[in-house]
Structure formats: structure tokens, C-alpha cells
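Colleague: Read off the chains here:
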Amino acid sequence: MNKVVVASATMTPFTDHYDRDIRDLASEAIRDIFRKTEIERSAVDGLVIGSMASMSFTNQGNLGALIASENNLNSASFTVEAGEASGQAALRAAYSLIKSGMHETVLVLGLEKVTDIVKLPEILSVVNHVNMDSRWEADIGLTLASSWAMIAKSHMSQYGITREQIASVAVKNHYNATFNPFAQFKSKLRIETILRAPALASPLTLFDTCAAADGAAAVLLTTEEKAKSFTDQYIHVKGTGLAHGTLRIAERDRLYSIPAIKKAAKDAYEMAGISPSDIDVAEVHDSFTIAELIALEEMGIFEPGQSGPATEDGRTKKDGDRPINTSGGMKARGYPFGAAGIAQVVEIYEQLLGIAGERQVADANIGVTQALAGTGGTSVVHVFGTA
Amino acid sequence: MNKVVVASATMTPFTDHYDRDIRDLASEAIRDIFRKTEIERSAVDGLVIGSMASMSFTNQGNLGALIASENNLNSASFTVEAGEASGQAALRAAYSLIKSGMHETVLVLGLEKVTDIVKLPEILSVVNHVNMDSRWEADIGLTLASSWAMIAKSHMSQYGITREQIASVAVKNHYNATFNPFAQFKSKLRIETILRAPALASPLTLFDTCAAADGAAAVLLTTEEKAKSFTDQYIHVKGTGLAHGTLRIAERDRLYSIPAIKKAAKDAYEMAGISPSDIDVAEVHDSFTIAELIALEEMGIFEPGQSGPATEDGRTKKDGDRPINTSGGMKARGYPFGAAGIAQVVEIYEQLLGIAGERQVADANIGVTQALAGTGGTSVVHVFGTA
Amino acid sequence: MSIADYWRLEAPRFRLEATKCTNCDKIYFPPKRVCPICNNDELIHMDLSGRGRLITFTKVEKPAVEFEYMGPYYVGIVELEEGIRISASIVDVAEEQIKEGMPLELAFRKYYAIGDEGIVYYGYKFRPPL
Amino acid sequence: MSIADYWRLEAPRFRLEATKCTNCDKIYFPPKRVCPICNNDELIHMDLSGRGRLITFTKVEKPAVEFEYMGPYYVGIVELEEGIRISASIVDVAEEQIKEGMPLELAFRKYYAIGDEGIVYYGYKFRPPL
Ligand SMILES: [Zn+2]
Ligand SMILES: [Zn+2]
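First to last, the sequence lines map onto chains A, B, C and D. Converting from the first sequence to the working numbering requires adding 459 to each position, the first position being numbered 1. Converting from the second sequence to the working numbering requires adding 459 to each position, the first position being numbered 1. Converting from the third sequence to the working numbering requires adding 411 to each position, the first position being numbered 1. Converting from the fourth sequence to the working numbering requires adding 411 to each position, the first position being numbered 1.
Bound conformation, chain A alone (with noise of 0.2 Å):
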């Protein structure tokens, strides 16, 4: 059967686009990737959208129709939403159209504008009810931050992790944004900026969360055989796995783990045939600074309980032993959802090409995404390679 490989990869800034709307930063992506790629635009012949919500946040819907119309793309289209990991699942779809023979070329875009909402208590309402279960918790007053300061209160008791090495997370990702030309956020922070920032949820601070951000991301999949056709730099998707949990974080039996993440990426894992300790460089979720940390011991890159420590050692920057979102990851490259999922392509892809510039991992040649919707509704893994 055909192999799916990533051809082509690009982004927006990921900011706060006040002078543009959803239209202009799809425009403005797909663009990019007609630049940067040698390929007609009437050879790509699916579009998939991947966007957490934009009839609340934009009032508009079917963004493929849309999108493809207004960019003279002759593809079929529609658009994914599994709520904050909507870009993984998107991208997932995207693998199956080529891989069915169905489609030969398709764009991938990940996209959200989420600024034109201005209050931020709006905006969180609207995350709030598409990832927890709106009736039973989002109604009842919980938050994804409460939600998610509960599972570090669990996992800090659990393990005997502190709430510095909770905050170096954070650190880390700044850290690695400095080298990172299209992040929202390009200047280190400080423990003691972390823990002083107002409180969201206790333990959890503002700072351990990301700002609100618009954007996109594209990446181009096609069959080996095409990709040949028109460049050398593509990488080899090889694995995907997408996995659920119950939306109620009150029914989880031990808060400090999401198995959504470790069934997503036991299944990815296989598919691609390879172990935790193959992975050079992975962009996992980190909408909150303790997603990481879970993430990284679900996905077996730490074991239980050491992600915390490892992270304050250094260890997951980008010049550490085992570099993780070397982008900045949500919480500084920034996080407009749905293109959220397709940016982690966009960094795996250049890493494992050797085109990352500054942010450049030595010798990477099995990177891995990782994304969530909410705290464990649903998790998405990628497994991508350069062979």
C-alpha cells in the first residue's frame, strides 16, 4: 500500500490577529505552502480542516466549502473536531483519505480565531463546554482549570512531585520559544513569575496556562510516489492512534493519569514498530503546565512520576536529552486550538529534516505529537520518521 508522508509544512504567527479574520490566516497558510512546495494547486485534491470551533467563535461553519472556494482549491473537504485535539484527529482523517486510495494529495490546515471573542471568560465558556462534559461539569461550574489544578493536587500526591517542577515546565517551554521566529511568546520566565501570577485554580497560576491566540497551520500529505514527483523533504507518517476517556473527570479512578494518552499512543506506537526510548523529539500537549508532565508518563518517555524532576533538570529542553515541544509548545509557541495540532506536524516536520534552525535537535529521526481534548475526553498520538 501507498505511503503517507508530510511534503510540505507551514504556519502563521500564532498571536493575536486582531487584524485578521479566519479567512486571511487560512489565505495566508495555504499560500505559504504553494510557495515553499512545487506542486499545482489542482493536484491536491483533498482539503481537511481541522477547528475546535468556529461557529462560536467566528458564527461561521462548513469551513471546508468555504475555504476551498475561496482558494481556488479544487478539493474535497470537510472539517474534524474532536474539541482541543481537533488538528490531530483532522490530521488522522487526512492519513486515511490517502492511504484508502481515495485521495492522492491532501492539505491538512489546522485553524482558529478565537480573539474576535474580546472577554476572556467568554472564551473559556466556549472551551469549557466543547471539551468537559457541558451538562455535568461545565454547567455544574467546574473549569478546565479547576479540572485540570485537581489532577495536579492528585499527581503531586501521588508521586511527591513539587510545584517548582510543575512551573519548570513552563520555564522550558518559554525557553525553547526564544528560538522559535513564529511564537507568541519569545521571552524566558521565571519560577518566581509563575508561582506569583494570579491564581486560576490552586495550585495552578495563570502563568501555567496559555494565552488566548489565533492561527493557522498547514502540512500537505501525499503518497511517497508523489511526493518523489516534486521535492526530497518529506517525512514518513508511521504511525497514528486516537483513543478516549470519560468526559467527567469526577468518574476517573486515579486522576493522575489520563489512559486516553497511553491507549493513543500504544496504538501509534505499534503501527510504526517502534518504543518510547526511539523517540528523539515529540511536541505534546501542554494547554496546562501538569499536561505535560502526565503526557510524557503516559506516553512512556518517563516513567510514572518522573516527568516532574526530568523537567527541572533540564532534560526535556530543547538541548536536553530527551527534548520535548521544542516550538514552545502551546504555552509559548501559542495555542489557537485547532491549528494547535497541526503546528506540532510543523516542528516535527522541520526537526526531522534538519531544517529547525536554533531550535534543531541532533540526529532526530523519530519525532512524535501528542494532543488532548480537555483532560482525557480524547487523545490523539502521531508517529512520524524520517524513513
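What the hints contain is simulated information worked out from the structure, not anything from laboratory work. A quick note: this is a predicted structure, and the numbers were derived from the prediction, not measured. Hints should not be assumed to be uniformly reliable.
What the hints assert, rightly or not - Computed spacing ranges between beta-carbons, pair by pair:
| id | chain 1 | residue 1 | chain 2 | residue 2 | range |
| --- | --- | --- | --- | --- | --- |
| 1 | A | E729 | D | G529 | 41 to 49 Å |
| 2 | B | S501 | C | E453 | 21 to 29 Å |
| 3 | D | G529 | A | D712 | 44 to 52 Å |
| 4 | A | E729 | D | V531 | 54 to 62 Å |
| 5 | A | K687 | D | G529 | 57 to 65 Å |
| 6 | C | A422 | A | V577 | 32 to 40 Å |
| 7 | A | K495 | C | E479 | 41 to 49 Å |
| 8 | A | E683 | D | I448 | 23 to 31 Å |
| 9 | A | S501 | C | A422 | 56 to 64 Å |
| 10 | D | D436 | C | I530 | 53 to 61 Å |
| 11 | A | P640 | D | V531 | 38 to 46 Å |
| 12 | C | I530 | B | D737 | 50 to 58 Å |
| 13 | A | T637 | D | G529 | 42 to 50 Å |
Stated by the list, open to error - The list that follows gives simulated cross-link-like pairs (lysine to aspartate or glutamate, DMTMM-like), each with its CA atoms no further than 25 Å apart:
| id | chain 1 | residue 1 | chain 2 | residue 2 |
| --- | --- | --- | --- | --- |
| 14 | A | K685 | B | D478 |
| 15 | B | K495 | B | E563 |
| 16 | A | K495 | A | E771 |
| 17 | D | K443 | A | D478 |
| 18 | D | K431 | A | E499 |
| 19 | C | K437 | B | D478 |
| 20 | D | K470 | D | E516 |
| 21 | D | K521 | A | D478 |
| 22 | C | K431 | A | E710 |
| 23 | A | K645 | A | E710 |
| 24 | C | K437 | B | E710 |
| 25 | C | K443 | B | E499 |
| 26 | B | K462 | A | E563 |
| 27 | D | K443 | A | D491 |
| 28 | D | K431 | B | E710 |
| 29 | D | K473 | B | E684 |
| 30 | B | K725 | A | E563 |
| 31 | C | K431 | B | D478 |
| 32 | B | K495 | C | E492 |
| 33 | C | K470 | A | E710 |
| 34 | C | K470 | C | E511 |
| 35 | A | K725 | B | E563 |
| 36 | C | K443 | C | D458 |
| 37 | C | K470 | A | E623 |
| 38 | C | K437 | C | E492 |
| 39 | B | K722 | A | D478 |
| 40 | A | K725 | B | E499 |
Using N, Cα and C, we set each Cβ at its ideal position, and we do this for glycine too.
Please build the complex by placing chains B, C and D with the ligands on the supplied structure of chain A, with the hints as guidance.
Modeller: Just chains B, C and D with the ligands, lined up with the frame of chain A:
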């Protein structure tokens, strides 16, 4: 490669389910699949949701995770949105998941809970903004109804069809629905009633379109090999096509024509190796009466301008020579947006297996479904066969 | 949350009405109409005790728009006597008083107001036993 | 439609500002930032004439919620002198007066009010020339 088949199909009644929420509707459709089908829940490894606007209507996103976990399904899931064509687009995504070998058995669940919004003008705003160009047509004051009205005028003027011929679509679909126990409206409708109903947008009246409805419809897609292990009641998915046109009606050269339908049909027919004359029964998009007439012409079932006279002559009734919308269509079976595209498949499943009861068409071997978003942003066509 | 939805949710929201599968005896809260374990839809209603203990909690300092009127407030996971765990707001409790393991009981309180009509939604919260 | 969105749309909404590709000369209304034909993003602004004729029309008898305040109103497709077709409300016209082919010109009118702040949005409609 694997042949993909539909191995079970069911739906809830389509109506105003004031006493049921989106979870209840999903659970009841899923329950019925497992009652009708000798398959274990654990064998369903994928779940694709077709839903148009669950955030707008019910303030709940990530339905895939919610429904998988609430219904004890160990199924990787995401939601597909393509406006009013969401259900049929979800079917296409599910087809690719099986054809690619990523999944063996995928439940496709069309789902929409609309009537929690009680005021029709608020429902209209959601439907317009999902399916039209929200900034440049819906926000300007156009509605889907006014767009269809201008299309109807163009079609009447181009081909000389009459207002009565357009209305005869509704008469016919109400007649067909009298034989469908799951239909929203089981009463006959007279031409005069339609013409004298309150105006919607001249020349169309309220009875040229659908009422608000809630509902769920589910089909089980699997490989032929797997299907044979648990049932002999299956039909083949023989072709799929999805195409787009501009969302802005102002930019259409010929309002009486909808190119997205023609292209989607052509792709699906070619894949299936059929021509329009092979079609024994079809479920087509009839959110407005005029939509069905144009669909039949773009799909090649009638020559341009001939579907009006043919409908008036009774040729598209369930007992006519070209039976269309034997279920009653969206107009009379009911139209819960995302669920409707899957309900179309439920009807074709029953017709091709010869289990459609009083609605049964003689010698039905090839069946087609066609969906549309707005007045032509997206169209999706599928071809099914007994072999 | 809509008016129809609120009406449907009255029994579980007002008095913790659960459903119980007549076949496998599993209790569902939030209630279900169909038991996904045995595909049975003969589920009977039963009210939960409303007594339990606090498993974990935190303070929401940045509420979503619906709950902004409350200012900071506590939320937590409550394990009911029946063994069922639910999320809830914890009320009538001071900073120095709230702790994991503390006993709690059902309280009936305002959730939030929404829509043009300004309809106010009510439901369960939990408080220390009186 | 949000405040930021409204601000971005001011020029096209208030005076029919289009963009024109400096490479292929194609005029875009609604305006674009990138020409999808030649991938050029050097697009220049130009105001359209605001004069045109009515291609087709209908009367909206059941408006969506934003436009309910207007009662029934006319909408149609207008072909501008530049050959560009746009959708618009047709105003200041009586039932017996409106017909396909009639000349029209730009009018600046209220669209709708929305949000807590009750901000009122304005933009182009079309009317018979004065
Ligand atoms: Zn049971
Ligand atoms: Zn150009």
C-alpha cells in the same frame, strides 16, 4: 482491497423530542444497532459522528468522546462537519477509515438536537451562518430561504417550470412519508395548501421547506469479510463523491444550476461504475422543494428542466418509475441536520435489502444518496449496491 | 442550557435522581435511558442519598462567563454514600475549613441566569452537614 | 460578528472597498489578502462604483433573529458596473417598483445590533438612484 459494506442501519423517529437530549438520542440509536445486529460492542473500533452544529444547538462539543464513553464503546472517534451535508460527509470519512485498513468496523452516527432552541428565527440564524457565507450573505440579511427563492425563480424562468411543479415535490414526499413509521409528518399535503401557506420568500412558502426536528440515525460500516461473520443483511458502498461550489450565491453564473452536485455525482458514479439510468432508488437533498428538482437534474436522473414535470406526473413517487425520497425526504421524514444524511442511508439499506415494507421499490439493486450544504457549498453523493 | 434541557434535568439536578438498570443493577448518575453494558432500557429511577465526602477540591479564581457573578468559588469531587463520584460546587465553607475527606451534604442553590428571559437555573451543590 | 470583525470590515462594508491583484488584475469583492490564482499578496485597495443593476430578488418574510426588527424586506443580487455581483438588501423601494434590471446605487444603512453592548452594525444596502 477490502470491500466496504453497510451491515446494519437504524434511526430514532425524527420529531421534536422535547423529552430527550442529544445523549438520549445517540444512546437509543446505538441500542437499536446492537439489538438488530449480532456484533459485540468491543468489535466496533471506530465511531464517526456527523453533526452540524452541536455547540450552537446544545453547547456541547467533542461528541465523539462523549458518545463513545457514555455508551461503553471502545471506538476511536471524531466529529465531521460539512454544514447540512455533515451526515454524508461523515459516511465518507468512515468509508476511508475502513478502506485504509485503519479500522474494521465503524459506527457512523448522524445526530442533531435542534429544538432546545425554541425560537425559529434563532434556529434560522444558526443554519444560515453554518451554511452560507456568514459575513457576506447571512450577515447582510440573506437567508437560506431567500437564496433558494432566487434559485427557484431562475429555474422557473430558465426552463418554464411552474410553481405547482415545485410544490409537487412536497406533495410527493408527504405521500411517501405516509408509509414511513419513523417520519415526522405522515399526513398528505395538497398543492393548494402549499401555495396558500404563509410566505417564506417569494415564490416559496413555509410548506416548501422542513420543520425543526431532532433525531439520530446510525449505520454500521465494516468489511464484507467481517460482515459475513455476523449477518447476511448487508449492502455495498460502491462509490463516494464530494465537491464544492462558492458559498456566495451572488457569484453563481447560473442560479438554476448547482455544479457541486454534478461533480460529486460524477465522481461517485465513476467509482461505482454506474450511470444515472442504473439508479433504482435515491434519497436526495430536499431541504427546500426546489432543491430536489435541481438535484435530480444535476445527478442526471432527469434532463435539465424535466424534473418538475416528472414530479408533477408522479414519476418520483415511491410507486413511480424513478422513485425519489421514498422515506419522505427531509421534508416529511424530518430534518435533524447531521442525522438526515445518515437517515438517507438507512432508507437505501432497507430498500436494497427488500425490507422497506410498504415503501418497498421493486427490484432495487442500485441506490444513491445525495446531500447538500446551503445552496451548493458542499455536495456529497454515495452509491450503494446489492452486489 | 436551554429551557427544555433544564426541565429534563430537574429531577437529577434538584434531588440527585439517578437511574438503575433492572438487569445488571448498575446505578447511573448522571442518569441514562439505556444501560450500555446490557443494552437494557428498563431503567428505574432512584434518588441518591445526597450524603458523601470530599475527595479533592480547588478554588475557581477565573470563572467562565456564566459563573462570574459568584466570584471565586470552590469546586470538588464528592463521593456519595452509594459509591458514586460527582463534580460539584462546595458552598458554605471557609478557606480554613475545607479539606479532603470532610463530610458533605446536598444543598440546593442557584447555578446561573441565561438568555433573553434571564431564566435562573438551580441545582445541587454540596455543603458541610448542618 | 464581533467588534474586531466589524472594524476589519469597515472599508468594504462602508464604501465597497475591493482589492485588486497587482499581477493578474483580478478584482476581489469581498476583498482578499492573497490572490489564489497567482498566489500574490500584493493586492491594492480600490473602491467600487456603487452603481449597478438588479439581477434577481426576493422578499424575506421570515428573517433570522438578527433581522427580525426589519419585518419583511427585499434582498437581491446586484451586478455592479465593474461586473462584480454581490448580495444585498434592497431598500427604499415599493412592491410595484422593484423589478429585475432596475438601476441601483449604494446606500449606507443599519444592519443589526448585537451583544451585551448593543453595538449597532452598519453597511451597504442598495436603493433606486435618487
Ligand atoms: Zn445493565
Ligand atoms: Zn492574481
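Colleague: Compare the structure with each hint and give your call.
Modeller: Each hint tested on the structure:
1. At about 56 Å, the beta-carbon gap between E729 (chain A) and G529 (chain D) misses the expected band of 41 to 49 Å.
2. Checking the proposed 21 to 29 Å range against S501 (chain B) and E453 (chain C) shows it holds: the Cβ atoms sit about 23 Å from each other.
3. Checked against the given bound of 44 to 52 Å, the beta carbons of G529 (chain D) and D712 (chain A), roughly 49 Å apart, stay inside it.
4. For E729 (chain A) paired with V531 (chain D), a C-beta distance near 58 Å keeps the hint of 54 to 62 Å intact.
5. At roughly 59 Å, the beta carbons of K687 (chain A) and G529 (chain D) sit within the given window of 57 to 65 Å.
6. Taking 32 to 40 Å as the suggested C-beta distance range, the pair A422 (chain C) and V577 (chain A) conforms, at roughly 38 Å.
7. Checked against the hint of 41 to 49 Å, the C-beta distance between K495 (chain A) and E479 (chain C) comes to roughly 44 Å, which is consistent with it.
8. In this structure, E683 (chain A) and I448 (chain D) meet the distance hint of 23 to 31 Å, their C-beta atoms being roughly 30 Å apart.
9. A hinted range of 56 to 64 Å for the beta carbons of S501 (chain A) and A422 (chain C) is consistent with their spacing of about 58 Å.
10. Checked against the hint of 53 to 61 Å, the pair D436 (chain D) and I530 (chain C) passes, with Cβ atoms roughly 56 Å apart.
11. Checking the proposed 38 to 46 Å range against P640 (chain A) and V531 (chain D) shows it holds: the Cβ atoms sit about 41 Å from each other.
12. For I530 (chain C) paired with D737 (chain B), a C-beta distance near 55 Å keeps the hint of 50 to 58 Å intact.
13. Checked against the hint of 42 to 50 Å, the C-beta distance between T637 (chain A) and G529 (chain D) comes to roughly 44 Å, which is consistent with it.
14. The suggested pairing of K685 (chain A) with D478 (chain B) is violated, with an alpha-carbon distance near 53 Å, which exceeds 25 Å.
15. Between K495 (chain B) and E563 (chain B) the alpha-carbon distance is near 19 Å, which keeps this suggested pair within the 25 Å criterion.
16. Under the criterion of a C-alpha separation no larger than 25 Å, the hint pairing K495 (chain A) with E771 (chain A) is inconsistent with the structure, at around 38 Å.
17. Between the alpha carbons of K443 (chain D) and D478 (chain A) the distance comes to roughly 13 Å, so the proposed pair stays at or under 25 Å and holds.
18. A distance of roughly 23 Å separates the Cα atoms of K431 (chain D) and E499 (chain A); the hinted pair therefore holds under the 25 Å criterion.
19. Of the pairs offered as hints, the one joining K437 (chain C) and D478 (chain B) holds, with about 23 Å between alpha carbons and a cut-off of 25 Å not exceeded.
20. Distance check on the hinted pair: K470 (chain D) and E516 (chain D) sit about 19 Å apart at the alpha-carbon level, within 25 Å; holds.
21. Among the hinted pairs, K521 (chain D) with D478 (chain A) is consistent with the structure: their alpha-carbon atoms are about 23 Å apart, no more than 25 Å.
22. A hinted pair counts as satisfied when its Cα atoms are at most 25 Å apart, and K431 (chain C) with E710 (chain A) qualifies at roughly 17 Å.
23. Of the supplied pair hints, the one linking K645 (chain A) and E710 (chain A) is violated, its CA atoms being roughly 38 Å apart against a limit of 25 Å.
24. For a cut-off of 25 Å, the pair hint linking K437 (chain C) to E710 (chain B) is broken: about 58 Å separates their Cα positions.
25. For the suggested pair K443 (chain C) and E499 (chain B), the alpha carbons sit about 20 Å apart, so the restraint of at most 25 Å is met.
26. Using a Cα cut-off of 25 Å, the hinted pair K462 (chain B) and E563 (chain A) holds, with the two alpha carbons roughly 20 Å apart.
27. With a C-alpha separation of about 15 Å, the suggested pairing of K443 (chain D) with D491 (chain A) holds against the 25 Å cut-off.
28. A C-alpha spacing of about 17 Å is found between K431 (chain D) and E710 (chain B), which places the hinted pair at or below 25 Å, so the restraint holds.
29. Restraint check for K473 (chain D) and E684 (chain B): not satisfied, since their Cα atoms lie roughly 51 Å apart, outside the 25 Å limit.
30. Distance check on the hinted pair: K725 (chain B) and E563 (chain A) sit about 18 Å apart at the alpha-carbon level, within 25 Å; holds.
31. Distance restraint check for K431 (chain C) and D478 (chain B): the Cα-Cα separation of roughly 19 Å lies within the 25 Å cut-off, and the hinted pair is therefore satisfied.
32. At roughly 38 Å between alpha-carbon atoms, K495 (chain B) and E492 (chain C) are farther apart than 25 Å, so this suggested pair is violated.
33. Of the pairs offered as hints, the one joining K470 (chain C) and E710 (chain A) holds, with about 20 Å between alpha carbons and a cut-off of 25 Å not exceeded.
34. Pair hint K470 (chain C) plus E511 (chain C) holds up; C-alpha atoms about 13 Å apart against a cutoff of 25 Å.
35. Restraint check: the Cα-Cα separation between K725 (chain A) and E563 (chain B) comes to about 18 Å, which is no more than 25 Å; the hinted pair holds.
36. In summary, the hint linking K443 (chain C) to D458 (chain C) is supported, as the alpha carbons are separated by about 14 Å, within the 25 Å threshold.
37. At roughly 20 Å between alpha-carbon atoms, K470 (chain C) and E623 (chain A) fall within 25 Å of each other, so this suggested pair holds.
38. With a C-alpha separation of about 15 Å, the suggested pairing of K437 (chain C) with E492 (chain C) holds against the 25 Å cut-off.
39. Among the hinted pairs, K722 (chain B) with D478 (chain A) is inconsistent with the structure: their alpha-carbon atoms are about 36 Å apart, more than 25 Å.
40. Between the alpha carbons of K725 (chain A) and E499 (chain B) the distance comes to roughly 23 Å, so the proposed pair stays at or under 25 Å and holds.
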